[in-house]
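K.L.:
Residue numbers (our numbering), protein chains in the order written: chain A, 312 to 575; chain B, 2 to 315.
One should not assume that every hint holds.
Below, a sample of chain A positions facing chain B; criterion: calculated Cβ distance under 7 Å [stated by the list, open to error]:
id, residue
1, Phe-423
2, Ser-435
3, Ala-514
4, Phe-518
5, Leu-519
6, Gly-520
7, Ala-545
8, Leu-546
9, Thr-556
10, Ala-559
FYI, nobody ran anything at the bench for these hints, they're computed from the structure.
Because the structure is a prediction, the values reported are computed rather than measured.
Every residue, glycine too, gets a C-beta built ideally from N, C-alpha and C.
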Amino acid sequence: MKGPKLWIGAGVVGLYVLAAILAPWIAPHDPLAQDVVAALQGPSAAHLLGTDELGRDQLSRILMAARIDLPVAALATLLPCLLGTALGVICGYFGGWFDAIVMRISDLLQAFPMYILMIVLVFSLGPGVRSLLISFTAVGWVVYARLVRAEVLRIRQTEYVTAAITAGFGAPRVIVRHVLPNTLRQTLIYLTSDLVFAVTALAAFSFLGFGIQQPTPEWGSMIAAAQPYITTQALLTVVPGLVITVLALGFALLGDALQERKRA
Amino acid sequence: MGRYAFVARRAISLIPLLLGILFLVMLLLSLAPGDPARMVAGPRAPEAEVARIAHELGLDQPIWERYAHYVVQILQGDFGTSFKTGQPVADQIVAQLPVTLTVAIAGVLLALLVTVPLAVLAAKRPDGPADHVIRVLGTLGIGLPTFWVAIMAIRLIALPTGWFPVAGVGDGPGQYALAMVLPSVVVAISITAPMIRSLRATMIDLHEAEFVVAARTLGFSGLALLRQFQLRNAVPPLITVTAAQAGYALFGTVVVEVAFGLPGMGQGLVVAASTRDFPLVQGYAIVFAVLVVALYLIADVINAAVDPRVRISA
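I would like the entire structure built from these sequences, with the hints used as guidance.
P.N.:
Right, dumping it as structure tokens:
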């Protein structure tokens, strides 16, 4: 069971990354080119997935959207991971008042309904990639910080860390060489499952109108724009949704595989 | 500690958290660009008028004074008035609360209804065929974007059958109840997978617990063993994960309300945010936060009722 999960997950994600890189060359049309006369057409030889409400080629938009959704979702997990790891290491290694303050803040943030906090933040900062990344980071670091802090507290008790400190190595070297590498495995497992969340949440925010704005192609906002035509051109809603689901499943399978590998 | 004393103590301990949440909401909203007073006055109003409105709204005071003022106001049930409609924020939220609560609560109950039998079935033979099927369904449940599932439910179920209202809540209690069905199911789909995963793990652990082995030695088996020994002890972790997922369900309702066009708090929040109606956004954020905190309290109380050890050690 372990093998296929890892390979299917990696294969799916790899395919999406490839599509994102090659999109400008393999997209049959300009994703922004409007042709109102040819709006809301079904699939044809010229437009394999049909056209949207402004006559833009749906396939080209889906492909080009990968260049937005993938990197933004990746950053939306990497940034919180970096901030959380940095804070978690400092808190776990040094403890003291800084640890106390950071942990109280994380208590408060964890008690807060995460999405509402993110909507309020995006509202304050205005829609767009920058506000999305800020709100993902402001909310998402908490889990990473707690995870890393707990790991650091455990690792700090180990003999090899005691030995490194006794040998006279300073805190920076002990942290970078001995503590941090041993927290990475846990963080990576969480990061993969966090990507599932980032992909679907990013699309959800754009669907609600808080995320990536039209005319930039993005899967969530494409679904929002196509919802009024659900009875006439259902494909416009169905395909972007499937595209999001398959990517999320790819990350979910990867996460499962890493988790199981850790246990084995 | 008695049952009531425990509840009271837990409730009191949540007050600082609520104050912190209030402050955080105010702080975040104060980051927003644009002058709220200018928005109320309109783009062509004279400066003096804008200054007067700013004073009226208390915007010329330092943030901590506004905070103290706001806390006192909220304790009196006054959330201010909407910039756009001039209506009290509290009235609008109270009118929308039932829809959101119905969808969220029905969603959580449905999720529980599905979780218990499936998790028990999966845990019965770990790595057996049922376990595999349930795990695949779980992974699928995590990957599906909730808003898309909602739209698909409209397209594939509501529209062809014509049984459910597809925009709004319809007329009369019968239509209202029908309008809640699909949104609740979609919310349930979005939260069930982690609950099954957690309960399955708990049940597998409980198979080997000493008291279960002892009960089995004494001749307990089947449903009696399950009900009297295993499920009882599986309740506290199930409550914990359910509370976490219920918080998530509240966001699910935001997305689902927008997709189904339901007049709930979620849709209200999205509309308020897109029209930049500060007092409304602030009110929604606070009520949502209070709901989540209330959820923790309820989870604590249920845990204490089921497991006396919680009360004694607290």
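K.L.:
For each hint, tell me whether it holds in the structure or not.
P.N.:
Consistency of the hints with the structure:
1. For the restraint placing Phe-423 of chain A at the interface with chain B, the shortest Cβ-Cβ distance is roughly 6 Å, inside the 7 Å limit, so the hint holds.
2. Against a cut-off of 7 Å between C-beta atoms, the interface hint on Ser-435 of chain A holds, since the closest Cβ of chain B lies about 4 Å away.
3. Residue-level restraint check for Ala-514 of chain A holds (minimum Cβ-Cβ distance to chain B is 5 Å; threshold 7 Å).
4. For the restraint placing Phe-518 of chain A at the interface with chain B, the shortest Cβ-Cβ distance is roughly 5 Å, inside the 7 Å limit, so the hint holds.
5. The interface hint given for Leu-519 of chain A is met, as the beta carbon of that residue sits about 5 Å from the closest beta carbon of chain B, less than 7 Å.
6. The interface hint given for Gly-520 of chain A holds, since its Cβ lies 6 Å from the closest Cβ of chain B, which is under the 7 Å cut-off.
7. Hint on Ala-545 of chain A holds. Least Cβ distance to chain B is approximately 6 Å, under the 7 Å limit.
8. Annotation: Leu-546 of chain A was flagged as interfacial toward chain B, and the flag is violated, the nearest CB pair being 11 Å apart, outside 7 Å.
9. For Thr-556 of chain A, the suggested interface contact is upheld, since its CB lies about 5 Å from the closest CB of chain B, less than 7 Å.
10. Interface restraint check: Ala-559 of chain A against chain B, minimum CB-CB distance 4 Å, threshold 7 Å, status holds.
This entry does not satisfy hint 8, going by the numbered hints stated previously; all others are met.
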